[in-house]
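Student: Below, each chain spelled out in residue letters.
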Amino acid sequence: MTLLLLIAIPLCGGFLAWLLGRFHADAPRWISLAALGVGFILALDLGLEHWGAAGLANDNLWLLEYSHAWIPRFGISFHLALDGLNLLMVVLTFLIGILAVGCSWKEISTRVGFFHFNLMWVLAGVVGVFLAIDLFLFYFFWELMLVPMYFLIGIWGHEKRIRAALKFFIFTQASGLLLLLAIVALAFSHQSTSGVLSYNYMELLGTPLSEAAGMWMMLGFFIAFAVKLPVVPLHTWLPDAHTEAPTAGSVILAALMLKTGAYGLIRFVVPLFPDAAMAFAPIAMTLGVIGILYGAILAFAQTDLKRLVAYTSVSHLGFVLLGVFAWNELALQGVVMQMICHSFSTGALFVLVGALYERTHTRDLSRLSGLWAVAPKMGAMAMFFAMASLGLPGLGNFLAEILVLAGAYPVSIPLTALATVGLIFATIYSVRLVSRAFHGVNEGSWEFSDLSLREAAVLGVMVVGLIWLGLYPQPVLDAAAPTLSHLLSVMQR
Amino acid sequence: MNPIPMEQSLMVAAMLFSLGLIGLLVRRNVIFMLISIEIMLNAAGLAFVVAGSHWQAADGQVMFLFIITMAAAEVAIGLALVLRLQSDLPTLDVDAMDQLKGGDDA
Amino acid sequence: MLNYLALLPTLPLVGFLILTAFGKSLSKRSVVAIGVGSMALAAMLTIGIAIHFLSAPPPGHVFEQHLWTWFQVGDLAPGFSLYLDALSLAMILVITLVGFLIHLYSAEFMRDDDAYARFFAYMNLFVSLMLILVLADNLLLLYLGWEGVGMCSFLLIGFWYKKPENSKAAQKAFIVTRVGDTAMAIGLFLLITQLGTLDIQELGVRASEKWPVGSGMAVAAAALLLGGAVGKSAQLPLQTWLPDAMAGPSPVSALIHAATMVTAGVYLIARTHALFALAPVVLTAVMLIGLLTQLTAGISAVHQRDIKRILAYSTISQLGYMFFALGVSSNGAAINHLMTHACFKATWFLAAGAVIIAVNHEHDIFKMGGLGKKLPVLFWTMFFAGCGPFFSKDGILAEVWFSDTGGPFLWLLGLFGVFVTSIYLFRLLFTVFLGPLKNDVHWKPGLAITIPLVILATGSVVGAIVEYPRLLGYHPYATGTEAAHASPYLHAAIGKIAVGVALAGIYVAYRLFVRHKHYEAGEVVVPHITLRMRRLFAAGWYFDRAYHAAFVVPFQATSRFLRSELIDRGYDAVVALVQTGHRQIRRSQTGRLRWYAAGIAVGAVFCLGAVLL
Amino acid sequence: MNTTDLIALSPLLIVGLSAVAILLLISLRRNHRAVATLALGGLALAMASIPQAAAVAPHHIAPLMMADGYALFYSALLLAASFVVGLLSFDYLEQRGEQREEYYVLLLLATLGGLVLVGANHFVSLFLGLEILSVAIYVMVAYARSSPLAAETGIKYLILAGTSSAFMVFGMALVYAQTGTLEFGPMAAQLMQMEDFGLALPGMAMMLVGVGFKLAVVPFHMWTPEVYQGAPVPVTAFVATVSKGAMFALLLRFFAAFEADEAQPIMNILGLLAIASMLAGNLLALLEDNVKRLLAYSSIAHLGYVLVAFLAESSFGDEAVTFYLVAYFISTLAAFGVISVLSDGKSEADRMEDFRGLYWRRPMLATLMTAALLSLAGIPLTTGFVAKFAVVAAGVKAALWVPVFALALGSAIGLYYYLRLVVVMLSPVNPTDDSNSEATATDDAMSTRAPNPAILRPKKVPIGPAFALSILAIFLLGLGVLPTPLMDFIKSSVSELR
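Residue numbers (this note's numbering), protein chains in the order written: chain A, 1 to 493; chain B, 1001 to 1106; chain C, 2001 to 2613; chain D, 3001 to 3498.
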């Protein structure tokens, strides 16, 4: 029941925000904040309740389950379940949601109610994706989060918002159709062997599939997740969408939506199709490495700050792909860490760029220089997150990447070496970002106020998060460990 | 007298039908197009009558009656529309009716 | 006392945190109190620890302090654990003592800077991370410190961020060292995969159990770690960042780019010597890298005009000596040189910084002269400090002569380096301080500058007499040198030769730069080498230019080429295709009735054809 | 004819009688409101009689009609759609001072034709139903006499429909010549005993022309945009829903009687038609600027989707077909309903620019329109999503990979134009308000034109359409979240088919 609440809270909160937005502009903000706060506390409480050894180390994989018949004709049920892995993701979702509301407090001044409605519904969709354990339901939420996101970009975005929103939608939706086909095909394959039509993940695990069928279905899943992740060459929607979205949109996109792709890879692609996935692993890992390098080089090439940050996402999430298909404990823990840490580091960079844009109305790196003198706090924050992004030890991203690479090393040394070269590239673009914008002479004669308390608070949370993850990530690792070992054991069967 | 085989009669019907269709395609006058449709319908009616006689059943003839009736109704409406159209366009040339081709090069 | 070990990195870290959080609102006096005070406490604590360690050695002469487990995934569980032995004791002594003195110096040197608090914050952070680096008991924690000091180096080189070239230099330093670090990271993955641990002591044990001497894995592991060391310690081929790094304030150059951070590579090799011992090939490589670096950098140093660049090349060259020593497994000699050099080079950099201020931010030594009378303290501290390292270098040369892998030929090459060293050092000293006065000097160093200089110079001189590491109980020397100790005369004779060569160098420098004043004609040392050669030496053997052509240009070209996102053109093509499809098929909607009727007829023909054919 | 027959036929009878009653009423006194009330009352009554009819189902009204659960389900669907069209028509006609009353006779007659079609079990009833439907639509399409396009639309539709009817009838004759029966059941039984279909196969192929025309699948689709555009909006809605739905119901019943293998050549043709429709329909709609034409093109594609489920030839597929048609009805009616409400006495709101900034002018209507479009695009929370899922499931289950991939491809293309309309609705009302002109320039045609000023004027949605639209909205979203009741109902209804 609590699981249902976790989805219902943002849904209802969003609706309420929309309704009350007609009366007062601040109402939606406070309502969203309150709703997300409640959700966060609820999720955190669930976490703490089950954090003890008894909860997570339990034989039963799920800490909590909620199931209700939905469309029995197709064997579909409204089936949610919680384990350590998606618990982490849900907590993260609410936290990022709160930060997103915080960072858009001043930025969004038109149609505030509708904005928050969409924001909350995206979050509800994301939570749903993480919790759904019925594949149809998963697909339902997967698609559900697109429309409000489309509105977020299309209404409150920047100059080329329409094109970007369309591109985002069509890429994800088109790949989503392949996912749908694969899901349906899998369910029917399962039916033909077991006689039961079911979309229940736990039942579909271990469905015997012919080599070709398994590969096709795996590709259906993979492509959908690869678009979201995004994997080069399916990534081109991402820079556009990121660049044009309002700050909160970029934050949610980078911090949460991309993670649904990563989550899908871990949860579904490999466990459901172990043979096909292993056969495909070399290609996938190569794609991951290409993503790491390509994203980094393109990040270096950008002059638009938001585009730059967007490409860093491409680069960072290449590690996720690499790690998932390396498929061992080190790599998977690294992937989980990367999912969380990237949310903070890239989310924060988007918040910073957004704050900068609010003040200067430009994101053009060639017009910004010497801003340290104007806004040292901002500079320090940018420096911090740039360092996080280049994988400075002591911050979460470092551990994530190191774990992924250490896990990938026994699988493929050349790919690992190339991916490690990506760290150099990451250094290049991160350092360039800070140096260009904040160092040098203030040629544009910019004058503006430094970070406000609200912005500093939003960023501060992320700073603390990254340091904590960098120095003592054990709670996160412990939370994910039972799920991961279960998934690993699926593979061995 | 041997009855004419059904296949041959059907051939006649088919030829009639084809004639109607060709008429429909080559004539630009609306009235003639309506007539062509009548021919096609009547060809179908003929086929029904032929088949009915082959099976020694009344079904074919019943069907033919229905066809004639509907054809009449269709023509009635068709002619009414032609009259309406006449007031807008001083021609019966169907190729002149292209106000509805829509967007791009309109 | 040893139990307070964890406090050591914490003290400067706290300083950093306070200065970062409240830096803006603190007065300069309180900034000094926090920034320098934390260092003073750390230095005192270090001395206390050292005394305790020497007077009441812990069992096995090793003290370990486990703080918390960093993370645990499977069997891999690196901890935040500190490891103190003679080697790390030597290092923390250098870091905190030299560090404290440099902080003290900075309190006066940086007084007029607006970003006083930021400077001390960075410096404190650096010291803290450097301490973590040398105290780490596992390679991952070491790597944390390793990368952390790299970042601080980046921050401090670019400290005066308003000048774009400073920022460029900072980026270069960071990126070039990251290249080495990448190799090191891959080395870590190899060790994790092969040996399942990153604990340094455990690594040594497992490696020697698992890998025979000279096995491929051992060579790979050692070579990859060497990559990191080469980058950090500015050895060939990753030395190019250090001369540019002089863009930072002089105390930064003194602390980071002379005394401590750049020696991290030396420390790493000494620390993981167990691995290197399994890979003699790599050790030879270390030796050759050291030798080559030492010679090339020394020759370049002779051809520099910028006072700080001379010192930078000198640092590279001296680090080369340390690698030279490491290459013959004479870690003791390397560390000895490291410590002496730290005192010596810190003195010189600090003094150079003072000189630069005194002559109104002039860097060209040929635009200075006769400052000895105006700034005698600087001259004499530099002079005495300059003598120290010759003796520690003699130690290295003797080790090379006697070691199994070295020998007289390598010794001879090393000896040539000594000669070059004395030329460039005294070229600088003579040009700046002797001869006619060329500059107005309005500024005299105060106590906060003089005292550190004097202490450091003393440290260097003392280093010429006593071997610091031996004092601390760290004396692993090259194999084969026992024989040398058996024949002390030869050993002493070899030392004397080196001193003689050094004196010869000084004499040459004196002849060229005081007597004949060749510098007035054009900064030449050896008058007869061609201009092209001179340019080659002055530009650091064109490494920069080569790297620019080999890496920077292709990278930029690739990024420019890809900037327009070629992949997107593919999707554009799909869009265009669909649109073309739309336009083509749209043409079928002609609005003409007969055309539509024909469509139906065609459809009918198709249907009939499909069933009949 | 006994009482049971009468009860089973009661929906048809009520609709027919209502038509007669309206004729009588008109001859007495012209009163739009009264006539409309009578017509809607008749439709409602007919719907209310369905449970009674269901009580005696399945019942043969020998040999012409079949009143089984399947027929009654589709009857209810058609009646409901007609009812909605009626509600929309009243206000639409009210704004145009023409002779409005006869329209309802036609509406009822067309509905009657549809009802006959869905119950048809015999070539005679098929032909009768089809022609009653068609003839009524000829007139309805050209009903707006003031419109310059009306007569052209009418003539075009008439001639093409007539041609296709001729094909159909000739095809029926051939089938009859081969089998000697006009009744579906015996016909199938007869054919299955034969070695080969002989004349029946070309006969069926020719019948497909007639079917394809009504369903507007490629290549019989070319009339659609013109009729959709030229006809009054409520009539367009009717043509898009009732006429197609009835024909599809017939198609399903006719082929359900055949075993899979024998009709294979026909199925192959339908498969090709389906693929062509999905691709061509979506491509045609891609950059269309007239919303009615856009919906016309999209309907071509949608019928292609339904055909995929049809091709599955299983009761699973039948359910999917039926569910999809319900979803299609709801979404299409909602979309046309919005257009109808936005239209005024002079012109119809069918240009892209008329929808510009609709979110900020008429948020409720815009939201409904968006929901309808998203439903057509198959996005979750709308019934179209579940429907598309059902169709895909049926297709995948029958391993119809090529059509299913064409469906996926078509849907992906389709997103573009649905979203394009959504984008226009999101844009600022006045194009000059838009500081960055690129924002709306997804293409050139619509970006600069301002909406028709009359359409900008806010007006209250009249009670009839408001009622209709709210019901549609509830179903549109409700069935997207809780499809199970309807699904179960459909399952029990279509189970008798095979």
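Be a bit skeptical, because a hint or two may be false.
[To be verified] With beta-carbon atoms standing in for the labels, derived distance ranges:
1. B/Ala1072 to D/Thr3003: 33 to 43 Å
2. D/Thr3367 to A/Phe448: 32 to 42 Å
3. C/Arg2583 to D/Pro3428: 41 to 51 Å
4. D/Gly3041 to B/Thr1091: 37 to 47 Å
5. D/Gln3193 to A/Val196: 36 to 46 Å
No lab work stands behind these hints, which were simulated from the structure alone. We put the beta carbon where it would ideally sit given N, CA and C, even for glycine.
Student: Is the distance from the Cβ of D/Thr3367 to the Cβ of A/Phe448 consistent with 32 to 42 Å?
Tutor: About 39 Å separates the Cβ atoms of D/Thr3367 and A/Phe448, which means 32 to 42 Å holds.
Student: In this structure, is the beta-carbon distance linking B/Ala1072 and D/Thr3003 contained in 33 to 43 Å?
Tutor: holds, 35 Å
Student: For D/Gln3193 and A/Val196, compare the CB-CB distance with the range 36 to 46 Å and indicate the outcome.
Tutor: holds, 38 Å
Student: Does the beta carbon distance between C/Arg2583 and D/Pro3428 stay inside 41 to 51 Å, or does it fall outside?
Tutor: violated, 29 Å
Student: Looking only at beta-carbon atoms, does the pair D/Gly3041, B/Thr1091 fall within the given range of 37 to 47 Å?
Tutor: holds, 44 Å
The structure fails hint 3 only (numbered hints given earlier).
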